[in-house]
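**Q** Chain by chain, the residues run as shown.
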Amino acid sequence: MWSLLNIELLKIFRRPRTYIAFGAIAAIVFLVQLALKFDGKSYVDLLLGNLNGSFEFPDEFKHKLLNGYLICFIILTALLIQMPLLVALIAGDSIAGEANMGTLRLSLTKPVSRTEYLMLKFLASVIYTIILLTWMALLALFGSMLIFGTNDMVVLRSTGIDQIPASDVLWRYLAAFGYAAVALTTVAALAFLLSVFAENSIGPIIATMSIVVVFTILSEMNISFYDDTIKPWLFTTHMVAWKGFFYVKATEDGVTIPGSIANLPAILKSLVILFGYIATFVFAAVWVFRKKDILS
Amino acid sequence: MNYFLSYGCENLCKFPCICLVFIFYFGTPVKAQTAEEVITQVRTKIEKVKDYIAQGKLKTNVAFIKAPVAHVKIYFREPNKIRIQNVSGISFIPKGFININLDNVFTDISSYDLIDVGRDKNSGLRIIKLLPLNDTSEVVLATLYIDDTKMLIKKAQTTTRDNGTYELQMTYGKYANYSLADKIIFTFNTKDYKLPKGITFDYDDGSLKDKKNKLSEKKGKVEIDYSNYVINQGVPDSVFQ
Chain A
1 MWSLLNIELL KIFRRPRTYI AFGAIAAIVF LVQLALKFDG KSYVDLLLGN
51 LNGSFEFPDE FKHKLLNGYL ICFIILTALL IQMPLLVALI AGDSIAGEAN
101 MGTLRLSLTK PVSRTEYLML KFLASVIYTI ILLTWMALLA LFGSMLIFGT
151 NDMVVLRSTG IDQIPASDVL WRYLAAFGYA AVALTTVAAL AFLLSVFAEN
201 SIGPIIATMS IVVVFTILSE MNISFYDDTI KPWLFTTHMV AWKGFFYVKA
251 TEDGVTIPGS IANLPAILKS LVILFGYIAT FVFAAVWVFR KKDILS
Chain B
1001 MNYFLSYGCE NLCKFPCICL VFIFYFGTPV KAQTAEEVIT QVRTKIEKVK
1051 DYIAQGKLKT NVAFIKAPVA HVKIYFREPN KIRIQNVSGI SFIPKGFINI
1101 NLDNVFTDIS SYDLIDVGRD KNSGLRIIKL LPLNDTSEVV LATLYIDDTK
1151 MLIKKAQTTT RDNGTYELQM TYGKYANYSL ADKIIFTFNT KDYKLPKGIT
1201 FDYDDGSLKD KKNKLSEKKG KVEIDYSNYV INQGVPDSVF Q
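Respectively, the protein sequence lines represent chains A and B. Residue numbering for the first sequence follows this note's numbering, beginning at 1 and increasing consecutively. Residue numbering for the second sequence follows this note's numbering, beginning at 1001 and increasing consecutively.
If you are wondering where the hints come from, they were derived from the structure by calculation, not from laboratory data. Just so we're clear, the structure is a prediction, and the values are computed from it rather than from any experiment. For glycine and all other residues, C-beta sits at the position ideal for the given N, C-alpha and C. Heads up, some of the hints might be wrong.
Capping the alpha-carbon separation at 16 Å, the derived lysine to aspartate or glutamate pairs in EDC-like fashion look like this [what the hints assert, rightly or not]:
hint : chain 1 : residue 1 : chain 2 : residue 2
1    : B       : 1219      : A       : 45
2    : B       : 1219      : B       : 1135
3    : B       : 1059      : A       : 45
4    : A       : 64        : A       : 45
5    : A       : 269       : B       : 1205
Reference listing, derived: stretches of chain B covered by chain A, where coverage requires no fewer than 3 residues with Cβ under 8 Å from a Cβ of chain A [unchecked claim]:
hint : stretch
6    : 1188-1199
7    : 1224-1238
One chain only, chain A, in its complex shape (with noise of 0.2 Å):
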């Protein structure tokens, strides 16, 4: 089974296009940051234009402002709602790109069950996942510490503000990629799935991506009858509770719990019907490319 999953890893790293990914995140994560060195002020700005009415903002509150943990942060909310092409670039390509290149019923040769090797396959872009997502890691939270320096982390959120102390950061975001990578992996499994049915990985890539942009659009809208109905129920409601790490507790007064989650009952709540998903997609697909006549 691991020299079969070393394959699949072999197959993945190997392709030219995998890399694409890593480099479309070093670029962002890279243009991200240097346009908030050179021009960050006019960002947090716009960001606290609203308060300008109540509070005092020297440069030396903005400088302390955008620090490390801040710009990892944009980055990331920016970022997360573009990785799901990059994870599903891979993920679409697992089952159908075998069925494009015809070595698909060659594969099945080997002594294992279809199921086994389906498992293999999607455990393979699991890992591409959790890669990608260190990847960024480390340059969005690590580069950004290097650059801007570490201080309080500010969380804007539409309708107040989260200050959590420096020293109470790390562990959140931490907590905040582990996540995420269940997040993606929501997303990896649809592709997956979708790649079954797909003689061409170019269908489940944009089928997952459309699907992705979709749910998207419908979890930030703000509309009644959608956030009563649909909307608890969709992934991408969902993926964004990474966020939930950095909403603190506060006492009576307003002054920050260290080491408090404002819900984790509800992070927890999410995290459960993502791991429904992910079962759900991937049992789906077993069941269909079981029972599926392979041809190519």
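Model the placement of chain B on the given structure of chain A, informed by the hints.
**A** Just chain B, lined up with the frame of chain A:
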């Protein structure tokens, strides 16, 4: 006997005079100090401090902000230079907070009309209102609540042209001789805070619904507990740049 009579008579004659002096000196009501006199004495006391450096713990209490208690260093130099430096983190400092020492008012007291309003019924503090003579002054009205036995400002309400009304409450301890407070509570008006969800991409963890009620509160508070004042030892220019 004659001697006794003459001595007694003499003393009896002196007694009413002493009584009259006593009654005149202690019995007549003391003339109350005018508002100008009170303000002058308060100002004299405040002016004993040319500069100071103090350490403090700053607590922000605003409906839409959750923030840790900050450890700050406060630098002051007369007439009105002040800087609050967060030693380790970030602090949200409200507008108007920089004028907390009221020196802006006291440096140019002649440009205000003083109105003596009497005493506060509950606290017994002397209330003096300051009205600027200049129509374009940023301060529209300042009301001072003064302990006129110790010549300390205990509370100040300032209405400004652009930043609304803010209130300052001061508690004094061992630095009362210098008019330096051990604790101040600064109450100010806050404006609505809202960022588009399209920018923040919030995760709805259910806490937003609870929060909406609290967000209707339009008053914010900042508290500073001062300690370790270093008075009149000089503060370098570089601190205020």
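**Q** Could you tell me which of the numbered hints above are not met by this structure, giving the numbers in increasing order?
**A** Violated hints (numbers, rising): 1, 2, 3 and 7; every other hint is consistent with the structure.
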